[in-house]
Amino acid sequence: MIMRRLLTLPGLRALPVILGLALLPAPARAQDSVSAPPDLNTFRTPPSPAFVLLGVEPSSVERPSTPADFAVTVLNGTQNFSTLPRDFALEVSPYWLLGHPKQRWEGDVHRNLFQSVIRTLSIAAATSEVGTSDAPVTGAGVSLRTALFSGHIVDSAGIAELARSLAISSGAELRQLQKQLAQLQAVLKRHLAAARTQADSTALVNQFTLDKADLDDKIQAATAAKDSVPPELSDLSPAVLSSAREGFFLEVAGGAVWNAPSAAIDSATLGRWGAWVTASYQMTNLSFLAVVRYLGGSGLGEDEGIDNGVRFMYSRDRYGLSLEYVDRHFTGDQNNEWRLAGVVDYRLNKTFWLVGTFGRDYAPSQAGSLLAQIGVSMQFSRNRAVPSPE
Amino acid sequence: MIIDQKDGVVRVVDSQFYKVRKNSKVTLTVEVGDMQAGGTSISWEGEVKVGDPNFENEPINGNRPPDGTILNCLTKVVDIRPETNHTSVTYTLAGGARKQEFPYAVQVLQEHGLARYLITFIFTLGE
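Sequences listed follow chains A and B, in order. Residues in the first sequence are numbered consecutively from 1, following the numbering used here. Residues in the second sequence are numbered consecutively from 1001, following the numbering used here.
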């Protein structure tokens, strides 16, 4: 039915129909162009804006998980604060560096503004050599990223059920342990009653701890399942295991890059900078996304300006629909551009999907600006052309 | 305190004294922190109770004298946070000589890792 409607639209009677095997496509052009203008995904708030501004994709990123790790990482990277780190990438979430023993998972189902900002705040920093061997220049980028609103936990009931399963299984283990622990406890009570000093009592308790650990080892070894996955974790949904969230999200980020010739801090000048705002509403089958990005500074050329776009996605098990509009306003002489693309996918069977992409790319007068493709894709991964809302 | 790991499961084993009086009515609260999922069971004088999934001001000894008795706690915690591998459990005993918190924390080894806390409290007479 989609095909019949398209063939009646003016200008599309020569619509090429491609049947065959193809990899899962993103909204694609009828012909690929050499320098592909970005689609909406590239405008979204990146996980590490500093890396994007610097133009690097670090193969190794330091992600310290404790204050001590963070201190060691910085000291090693800067050689005890004696030099600018080279080819260095660091990402840290300050809130998660510290433990939060009084924070229960129930308190994170909904977040207020303050909670959302501090729990999602991440800071990234990176350095890279951006010059040449004759004129070396060290680029250093820093960025901040956080979410003013971060939805709510998707499956609270699932997490509560997991906690109950853990309690039940701990009860079964404790019953196993208790039968033999009773003997150890009886010996401990007798010896404690006869102990004369606090030091003697402490030594008795320390020995009891060691004996208890050995007993627990033996019981665990005797009852260990062949499968290494604990029974409480089997058949758990990914949403439970990752505390997945849905609802309204508002992410903001900003970053800047400084260029230092010959790594001299005194000569460092501001290079690129950028700001991102991404608003989204995610539900089980439906999502809406709006993005605004500003890039400025030297070296961007035609890319300096404001990009904004919106996307709607609706997906079910057998089909998905996506509509995306992107608008680009350049600060230079380049003409402003816009792009409109729709993707439809339909599951033919477990392996094959019918995928159609239709729309208009940025430069309507250029070859390949008509987006028109229908194909059959074989699914090797979980990624669909129209993904389920994240 | 012993902290070790076996087959990817991190374990904390410890024993602590808690001072009580002859007529103390001891209660236990167990909090699983770091926004992780966890459940607890306890045993006192051979009687095992399963938490729902943990305990809040749970009476331990009722009308029976607590002095010289032993409370065992087993808490299992699963890492459900992509942001961190920290886990923590705080046991709070009240009703004795004074209210006392016993905090424990350990990092699991991988995403969705499991931590077991096997903690024993020995009730002794004191102030």
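Keep in mind that the hints are not guaranteed to be accurate.
[What the hints assert, rightly or not] Computed beta-carbon distance windows for the label pairs: (1) A:Thr284 <-> B:Gln1016: 42 to 48 Å; (2) B:Asn1063 <-> A:Gln176: 25 to 31 Å; (3) A:Thr351 <-> B:Ile1003: 34 to 40 Å.
For the record, the hints were derived by calculation from the structure and aren't laboratory data. Glycine included, each C-beta is placed from N, C-alpha and C at the ideal position.
Now for the hints, and whether the structure bears them out:
Distance hint for Thr284 of chain A and Gln1016 of chain B: a CB-CB separation of about 46 Å, consistent with the stated range 42 to 48 Å. The supplied range of 25 to 31 Å is met by Asn1063 of chain B and Gln176 of chain A, whose beta-carbon atoms lie about 29 Å from each other. Restraint check, Thr351 of chain A to Ile1003 of chain B: a C-beta distance of roughly 47 Å breaks the suggested window 34 to 40 Å.
Hint compliance for this structure: hint 3 is the single one not met.
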